[in-house]
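Quick note: the sequence shown uses my numbering, first residue 1, plus one each step.
It should be emphasised that the hints constitute simulated quantities derived from the structure, not laboratory data.
Please note: incorrect hints may appear among the correct ones.
To be verified - When the alpha-carbon atoms are kept at most 30 Å apart in a straight line, the in silico DSS-like pairs for lysine-lysine are as follows:
{"id": "1", "residue 1": "Lys157", "residue 2": "Lys40"}
{"id": "2", "residue 1": "Lys52", "residue 2": "Lys23"}
{"id": "3", "residue 1": "Lys136", "residue 2": "Lys168"}
{"id": "4", "residue 1": "Lys127", "residue 2": "Lys102"}
{"id": "5", "residue 1": "Lys128", "residue 2": "Lys23"}
{"id": "6", "residue 1": "Lys127", "residue 2": "Lys157"}
{"id": "7", "residue 1": "Lys102", "residue 2": "Lys143"}
{"id": "8", "residue 1": "Lys102", "residue 2": "Lys157"}
{"id": "9", "residue 1": "Lys48", "residue 2": "Lys14"}
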Amino acid sequence: MVSIIIPIYNPGDKLRVCLDSIKSQTYHDIEVLMVNDGSKDSSALICKEFAKEDERFVYIEQENAGVSMARNKGIVHSHGDYICFVDSDDSVESCYVECMVKTMEETHVDIVLQGLNNLYDGRLGDKKVFPNLIVKVGELDDKMFEELFYFCGPYCKLFRADYIHNNKIEFPPNIAYGEDFVFYVKYLYLCRSISFLSNTFYNYSVAVTGSLSSVRLHPDKFWVNQVNRRGEYKKLRKQYGIEQLFYPTENKIKLVALRGLLSSIKHAQASLKEYLNIVVYDKDFGFSDILPLNIFDKLLLFLMKSNNYISRFILKTIIK
């Protein structure tokens, strides 16, 4: 059985679309844990409706405590052999679960990842496509490392439930952004092999807005800022030996996040200048001390640090 955990907080009309897409899965042996994190909209009524119509849907309620606590509560209540996460404003194609379970059971890997479709105000935009590949953790090259950390969110992945339960892996509730990264690294530490699928059966809803605080940035949600600020990265590096496992340096991870950041802000209505001021000049953000690995990264960082009219014009051209 697959436990599908959905943290819910005021998703509005998107919730019904999300739940309908899960209800239509071709893989039927699922339990759907709908964790309402104190929503003020009609989420509770919609969830109860689905729970009444389909016994596989389980409604769980909590006071507003954040997405980490909601996901953790879903993990505690889960009974499946596998766990996957879907955000309440996203949706999945009907074969989303089946293709990952089939891969997991046929290849005996420890985690399955697939790409996604980016939806901007409901319209299909760009998509992330992985190569079809099975790789051992110790054999990850630079390219596959970047693919592995393209997005650290728990969506688009199938996890083995016993790895999570037996090792008490959870999302840290004290981090506003970057909780996904901490959970992900702790899980990857247990993995010996990984399967990448070229499917894009996950539809990721990217909010197009002018507010920096409300933009749903993809893929890394500014995790570098909060992970570094809380000292979590140092603890993870010391405890799990991240460099030895995945060949990254902190610098390389920041570069992956930087590219993802630029991919996100090209769809936002807020000014590029606003983003650059926060990214480049906030010491806690951590991008100001990146060492470029190639000419393209060097150009990006130079333009970002210049942050004048000409450099912003060139940046807009590059990231279109």
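Of all the hints given earlier, name the ones this structure violates by number, lowest first.
Violated: none.
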